[in-house]
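Per the working numbering, the sequence shown runs over residues 7 to 562.
Be aware that a few hints might be false.
[Claimed, not checked] Subject to a maximum C-alpha distance of 25 angstroms in a straight line, what follows is the list of computed PhoX-like cross-link-like pairs (lysine-lysine):
1. K46 with K94
2. K421 with K10
3. K90 with K421
4. K29 with K93
5. K222 with K36
6. K42 with K255
7. K504 with K347
8. K421 with K504
9. K10 with K29
Keep in mind that the hints were calculated from the coordinates and are not lab data.
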Amino acid sequence: MSKKDIEIAQAAQMLPIEEIAGKLSLDAEKLDHYGKYKAKVDFSALHNNENNNGKLVLMTAINPTPAGEGKTTTSVGLGDALQKIGKKTSLALREPSLGPVFGVKGGAAGGGYAQVIPMEDLNLHFTGDIHAIGAANNLVAAMIDNHIYHGNELNIDPRRITWRRAMDMNDRQLRSIVSGIGARSNGMPREGGFDITVASEIMAVLCLSHSLDEMKERLSQCLIAYTFNNAPVKMGDLNAQGAATAVLKDALKPNLVQTLEHTPVFIHGGPFANIAHGCNSLLATKMALKHADYVVTEAGFGADLGAEKFIDIKCRLGDVQPDAVVIVATLRALKMHGGVKKTDLEEENIDALKAGLPNLLKHIENIQTTFNLPAVVAINAFPADTQKELDILKEAIQATGSKSVQSNVWANGGKGGVELAEEVVKLCEQNTEMAFAYELTDSIETKVDKIVQSVYGGEGTEWSVTARRTARRLTKLGYDNLPICMAKTQYSLSDDAKALGRPKDFIVNVRDLSVSAGAGFIVVLTGNIMRMPGLPKTPSAEGVDVDNHGKITGLF
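Construct all of the structure, not just a fragment, from the sequences and the given hints.
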């Protein structure tokens, strides 16, 4: 019987964090220790090694299924494999949210023998960054209501407060609430609600800022409400940006940990890719690039969401570019896209595989054609995979002009990813000029249409009256030149979670828009996507426990 992920992680021998930092030529005085095995890295490390610019490898995937794709596992295994073949390597990944950890998806530490450690710390609170983001968010929310209670000098319309409260937990009960009821001293009664913290604008601001000063300026530009006269109210009008930045002072510093094979890992920021921009912080990515020759990073969910936002938002705003892209796929997931139930995935099914293959082929097309980047497909291997299925998959990938490599990092760690690492090194030697899905000068509607048509493969969009009205207002306010952050189901290329494979001739329904002016993008809400998830019928939290010695069980 194979060991569980948590058992493998708990048996690992970790190196002191100073030794991990030493692999990147990071001096000990740059570290703020959080125990023996994790530390925050001082901002000044971003300016070390000015002449070093490592190669950036972006990890993405097909549309996820309940069968699992193993994107983070492959990222960690690739990092270990690059180190194994003698490359100075680092990873730059996102922090897990407690919502998925206790919900259904699980954490974000990898799996098997390709994991980030300390695994329990990483998945439970870590260094407190996400809590700090939630506290800063809710401080601003409290200041808004307090301002209204004490006379409302800014003339804020309580019905048009756009700033919602945040909590790092899946709690559908808080999506829509009425607060301030009861005595007059309880505030003005109004409707409001909570978003999960990883979808908050403060999370995005932190992930796109290079310094405390930049973060403070971005926060000051956050749109928090409208007045009775339809004028926008920003956080700076409330004088809340200084206090929010003070709460986030330490959270802005990237965190340094290690893999099972002691490869350095920067873990910082945790926006979801279905309802936020889905990338770790620019600070962590750039810090890694200054101290390593190869940096493996990933963007959330499939290439239609995470990779698109990585390129059209993060690369644009941060002036970075991937040198190579790895697309993770599994036979199991492709068969699910072809209509097979999860309970039947162990059986060979050529017809289902062929029916599901177009999903992968569309993601390859997006990376190679839409974004003009070199790609390799990592086939995450499972014991039930048959040779006939693998041959069909490899032939289909080869026909696109991309290469495929079988990855066995879950079972063998870095050793199982050496062939993938060697192919990535080759791809990184190519000189390509990355393309974007749209131009910033396009109208809001045109940008969304281009994403739907070129990245999703849809026919077009249908806008609600509310969405049209919001687009006109944002254009009038001068926000129409910002990039787009699509809030869409991760399970399908369309906005219908049940439309698996590669759907055709579909229309994406645009429900509404909001501007994250401080972060610097427009959020487009499609279909029935929610910014506060709910727990499943049997949440993972029911299986988590801890004994009297502090040993945690049941995480994964």
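Enumerate the violated hints, using their earlier numbering and listing them in ascending order. Structure breaks hints 8, 9.
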